[in-house]
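Going down the list, the protein sequences come from chains A and B.
Just so you know, we're using the working numbering here: the first sequence kicks off at 108 and counts up by one.
Just so you know, we're using the working numbering here: the second sequence kicks off at 557 and counts up by one.
I should point out that these hints are in silico values taken from the structure, not numbers from a laboratory.
Keep in mind that the hints are not guaranteed to be accurate.
As the list claims (entries may be wrong) - Below, in silico cross-link-like pairs of lysine to aspartate or glutamate (DMTMM-like), each with a Cα-Cα straight-line distance of 25 Å or less:
no. : chain 1 : residue 1 : chain 2 : residue 2
1   : A       : Lys240    : B       : Asp618
2   : A       : Lys164    : A       : Glu127
3   : A       : Lys240    : B       : Glu582
4   : A       : Lys164    : A       : Asp154
5   : A       : Lys164    : A       : Glu150
6   : A       : Lys164    : A       : Glu197
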Amino acid sequence: MSETTMLYDEGWASLELDEELYPRDAVQGAAYVFLDRSYLFLERAGDRRLRVRLKAKTGDSAALAGEFENEALAQAYRRRIATSNRAFIESIAARAVAGAAGPPGLDDLLAMDIGAETAFDDPLGIAMSWEEKYIKKKADQAAPTATAAPGVVPGVVPGAEIQDAVLGGDQVDQEEIKPR
Amino acid sequence: MLTGSMRVITLGFSCNNACVFCAQGELRRGAGAVVDVAGAVEAVVAGDTVAFLGGEPTLWADLPAWIRAADGRGAGRIIVQTNGRRLAYRAFAQALREASPRLALDVSLQGSSAAMHDWHTATAGSFAQTIQGLRNARAERLPAGVTVVVTRSNFRHLGEIVVLAHAAGASAIHFAPVEPFGRALRNRSLVVPAVEMVVPHLQRAVAEARRLGLQSQIGDTAGAGPELFAGTGAVEPPVAGGERLVQEHP
């Protein structure tokens, strides 16, 4: 049975809710919102069914029960949004916490191990110019020269493209840099 | 204090960062211009301070050999102005150290966090590599100073940058104003801070440096002396009517 049932008995309103529509967390969240205005009991009413009994501290319990149902719906919807955005929210929170943590201490620095075996190996691609690394696609389209010094990308004129990239203020993907 | 003159050798303008405040701007067009480094080194007189500037000098595989040659000419101090990223490879730091006992590094650090530094350099991961480079320099007993270009995005964190530079092994810190050329000029609204807002943060940062035993230098004024800092290299010619972005630096 998926519908909600409501009963009234001596000032108490009783709601039976389908857990498919009103997850338990949502019902508990709604109950928390109503703690100051009513007396509440939550209990299991059967398989995948929750029963909420509430009595208004002042006023009409029936009206309050209707409001409770609305709040439970809102809580269920919020919960669904939070679940679908969880990864995004966690990512933002992690960045905020990392940013607020301030500069790394010596232990953190010691933990940053990059390492390399020889002086001129460059597995991280550090020893190439910014243009060579991030505007590689344009370089591939240009004719190579035999005597290029480090960082010289034949045919690439870093100017406005770099400025745009810099103003973007984030990691620059070569796909984002469009020729003018 | 060294007695010889400062001899600047600019190794082109190729760089592995693309800093938002870069004064060299369109000079990067000539990134691969042939530089007669050997000839410049030949002109070194005993006692000179030789500064290798870029671009980014460490992109050149011949850098250790040029340092060795300058050392052989009797240079009193050799400074490499670098972003320090390539020194993240310990073996490269070792190669530089072996090139000359008179070598020192002037390392640019633009933030106290990866987000702050990497925004300035437009290069993800550059902060971790620069910090690792400083650590490796310390491990190799290469003296290093840190240069911070004071911008709108880092002036509130100068004290933290001092602490970080100290923790990473720097022995001096240089607070440089944004030079009014190149990309800095074009991005002025993004990068140039109001001097009156900078002053209190700068004062605190200098006090913090003093507390930690770091020498500090503001702008081009004397302070730490020339031993660790190479000063400003070549800049893009200013546009007609261009004005100085930071008229007075505290």
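Which hints, by number, does the structure contradict? The structure conflicts with hints 2, 4, 6, although it agrees with all the remaining ones.
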